[in-house]
Amino acid sequence: MVTLEQIKTIALDLPEVTESLHFRLPTFKVGDKGFITVQKDAAIMALPEELSIALSGREPEKFELVHRNRKYFVGLKVNLQKSTITELMPLIQQAYEHRKLNKKIK
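Last residue of the sequence shown: 165 in the numbering used here, with the numbers rising by one and none dropped.
Hint data in this document are derived by calculation from the structure and do not stem from the laboratory.
Hints may contain errors.
Okay, derived cross-link-like pairs now, BS3-like style, lysine-lysine, Cα gap no bigger than 25 Å in a straight line [said to hold, decoys possible]:
hint, residue 1, residue 2
1, Lys-92, Lys-159
2, Lys-92, Lys-136
3, Lys-159, Lys-130
The calculated label-pair distances, taken between Cβ atoms and stated as ranges, are [to be verified]:
hint, residue 1, residue 2, range
4, Glu-64, Arg-129, 14 to 24 Å
5, Pro-74, Lys-130, 26 to 36 Å
6, Gly-116, Ser-79, 23 to 33 Å
7, Glu-156, Thr-68, 31 to 41 Å
Here the structure is a predicted model, which means the values were calculated and not measured.
Every residue gets a Cβ at the ideal spot worked out from N, C-alpha and C, and that includes glycine.
Make a model of the complete structure from these sequences and hints.
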């Protein structure tokens, strides 16, 4: 099982990452864009849609697509009880890079 502390250690080690709350849940951001929000037994990761579809299709017990209003793709929900930190490390990095590349310039 992956813990918040494990995710926090990895996320905060990335450049320009801050921790805040989003709907009272720990969220890690690069700039003003969240790339991972941690729930009790799951994490929502802002990964590219194509990668998320592939992961959820391959391991549906571990990964689930998240949509808003059943049509707008939000990210990938990861079951932390069925995952290891070793397999999540590259996904955290990819979510970070995806948000960093797609953050709005102000």
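So, going through the hints one by one against the coordinates:
About 8 Å separates the Cα atoms of Lys-92 and Lys-159, which keeps this hinted pair within 25 Å; it holds. Proximity of Lys-92 to Lys-136 is assessed by CA-CA distance (about 17 Å); at most 25 Å being required, the pair is judged to hold. Restraint check for Lys-159 and Lys-130: the C-alpha separation of about 24 Å stays at or below 25 Å, so the hint holds. With their beta carbons about 34 Å apart, Glu-64 and Arg-129 fall outside the hinted range of 14 to 24 Å.
Checked against the hint of 26 to 36 Å, the pair Pro-74 and Lys-130 passes, with Cβ atoms roughly 33 Å apart. Hint check: Gly-116 to Ser-79, Cβ distance near 32 Å, so the stated range 23 to 33 Å holds. Evaluation of the 31 to 41 Å hint for Glu-156 and Thr-68 yields a failure: the beta carbon distance comes to about 18 Å.
The structure shown violates the earlier hints numbered 4, 7.
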